[in-house]
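Just so you know, the sequences run in chain order A and B. Reminder that position 145 of the first sequence reads as 251 in the numbering used here, one-by-one numbering, no gaps. Reminder that position 138 of the second sequence reads as 139 in the numbering used here, one-by-one numbering, no gaps.
Source of the hints: derived by calculation from the structure; they are not laboratory data. Note that this is a predicted model, so its numbers are computed, not measured. For glycine and all other residues, C-beta sits at the position ideal for the given N, C-alpha and C. One or more hints might be untrue.
Calculated lysine-lysine pairs in the DSS-like style (CA-CA distance at most 30 Å, straight line) [as the list claims (entries may be wrong)]:
1. K89(B) <-> K236(A)
2. K59(B) <-> K221(A)
3. K99(B) <-> K89(B)
Among chain A residues calculated to face chain B with C-beta under 8 Å, some are [as the list claims (entries may be wrong)]:
4. P108
5. F109
6. V171
7. V202
8. L206
9. I215
10. E222
11. L224
12. F226
13. S242
Per the computed footprint, the stretches of chain A lying under chain B, defined by three or more beta-carbons under 8 Å from a beta-carbon of chain B, are [as the list claims (entries may be wrong)]:
14. 121 to 129
15. 162 to 168
16. 192 to 198
17. 227 to 240
What follows is each chain in one-letter form.
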Amino acid sequence: MPFTEEEWLPTLDELEVDEINMSSAPLKAGAHYFGKYCEKDCKEYMLCSSEEKDPRKCLKYGKRVTRCAINLYTQIRENCAEEFTKYWQCIDHADVNMNLSWCQATQAIFDQCMKEKLNFERPKLGYLSKTKVLDSSRPRPQRNLPLPDPVPELPDSADLPASETSDKRKFGRATGTFWNVLW
Amino acid sequence: MASKIRQEMPPEGGYKEVQWKRVMPKAHWSGYRTFLAFAAINGAAWFAYKWQMAYEAKRRLDENDARVALTPLLQAERDRMFLRQMRKNRDEEVAVMKDVPGWKVGTLWGEPIFHNLAERFPVVMGEEIYMHSRKADLEDRFYERRRH
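Isolated chain B (complex conformation):
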């Protein structure tokens, strides 16, 4: 059987032309329109930003009102708690050191702790407040390990 050789030929009408020319992207927007869009978007964003800032300022002012109102109440309670603890600590020290000769409560063997000629209220360290409690309680409080 005679083999029929079929020669591969170019398609009808010839090959497509080779594209050798550089293809430039089509410019959809002119420069003016681009700048206009930039201005419009940024202008809208500016108004949105201002609106947001005004809202945030109002919100913060309201929060600040609540905080300012509650401060005296919480501070008064805290002052009483602090003085109560100081009283307890001093009574405890009087009871603990009553048998030690020469010990004066609130001083180190008679030497005052603070140089306080004007008799200001001393700044009391946190360790003084938790003096007679367990060390774990002190650390809980100082390093906020307490569950809350």
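In isolation and in its complexed conformation, chain A is listed as follows:
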């Protein structure tokens, strides 16, 4: 067990949230809208997880991401259920990689519905892959790493006595090799 009893681990109640109960095809079908709709929460969570490298400290942000996702997919279900179902079923039966390029016809219908009923614009191609800067209010993690004492400074080489061998043998032969021993 990597955690002692003194270390804090969240209790099971603290970890209990409404999980999103969907398979990969509908998740992928709504992924672009999710990335745009929950952009702030997602970025905040990913920044936390990459800075802290500690899932215990980013629980709050992770819960926000899941809540936002449930919020979005509920809206889709209430407004564009039929179009969305057709779209994700197309993706599900496209190929093993759930390639989006096979389903552009159903995707256009779904996009149309999202624009008319929810006024959600599908983000441009490559928008979500772009690197963006997040202005976060979360303080930077401070880590107090106990370091050893610094190495003391070396004495000045001019004060040291001259070496006896340095002027006698200009290029020292490597010692301890096989040929050296033979010689």
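For chain A, the structure is supplied; the task is to place chain B on it using the hints.
Structure of chain B alone, referenced to chain A:
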């Protein structure tokens, strides 16, 4: 009955001449035309290749968008699952080892498992997660024997 012998004779007009001269194939295409055809086909193929590459790049970018968008959602869920399992495992270890004198949970008889002065979050081995489950479940998960 007198047999009438019929002598086999060459055909009328004589045999055909024996072809002794080497027959060269007829050149349909001149060298210039061949090179022109080479350039045309390769040029067309180059454009087709570029078009295909552009299409593939767009497709991959779209796929990458979906992947990037979903990563936080899946990772947040995975983090919670992991912490839940760690909590369960620790509670289980406390319950199992409560009668053993000198045993400290999370250590080996009081000796810490990690040298962790900076108090980083440890990299937990997969065996730790499946510590209190059946070995078959662990192997299912590790070697992907689970039906999916």
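Subject >> Minimum beta-carbon distance criterion (8 Å), E222(A) to chain B >> reply: violated, 22 Å
Subject >> 30 Å limit on alpha-carbon distance, applied to hinted pair K89(B) and K236(A) >> reply: violated, 39 Å
Original post:
Does K99(B) pair with K89(B) here, judged by a C-alpha cut-off of 30 Å?
Top reply: Measuring from Cα to Cα gives roughly 15 Å; hence the hint holds.
Original post:
Holds or violated: F226(A) as interface residue toward chain B, Cβ cutoff 8 Å?
Top reply: F226(A) check fails; min Cβ-Cβ to chain B is 13 Å, beyond 8 Å.
**OP:** Against chain B, run the beta carbon of I215(A) and see if the smallest gap drops under 8 Å.
**Re:** Nearest chain B Cβ about 17 Å off; hint violated.
Subject >> Residues of the segment 121 to 129 of chain A with Cβ under 8 Å from chain B, three needed, outcome >> reply: Coverage by chain B holds for the segment 121 to 129 of chain A (4 residues, Cβ < 8 Å).
Original post:
Per the CB criterion, is F109(A) less than 8 Å away from chain B?
Top reply: holds, 5 Å
Original post:
Is the shortest C-beta separation between L224(A) and chain B less than 8 Å?
Top reply: It is violated, given that the least Cβ distance between L224(A) and chain B is near 17 Å, above 8 Å.
Subject >> Status of the P108(A) interface restraint (C-beta, 8 Å, chain B) >> reply: This interface hint holds because 5 Å falls under the 8 Å limit.
**OP:** Tell me if chain B covers the segment 227 to 240 of chain A under the three-residue, 8 Å CB rule, please?
**Re:** holds (count 6)
Subject >> Three-residue Cβ test at 8 Å for the coverage of the segment 162 to 168 of chain A by chain B >> reply: Per the Cβ count (5), the hint holds.
Original post:
Given S242(A) as an interface hint, is the shortest Cβ-Cβ distance to chain B below 8 Å?
Top reply: violated, 14 Å
Of the numbered hints given earlier, the model fails hints 1, 7, 9, 10, 11, 12, 13 and 16; all others are met.
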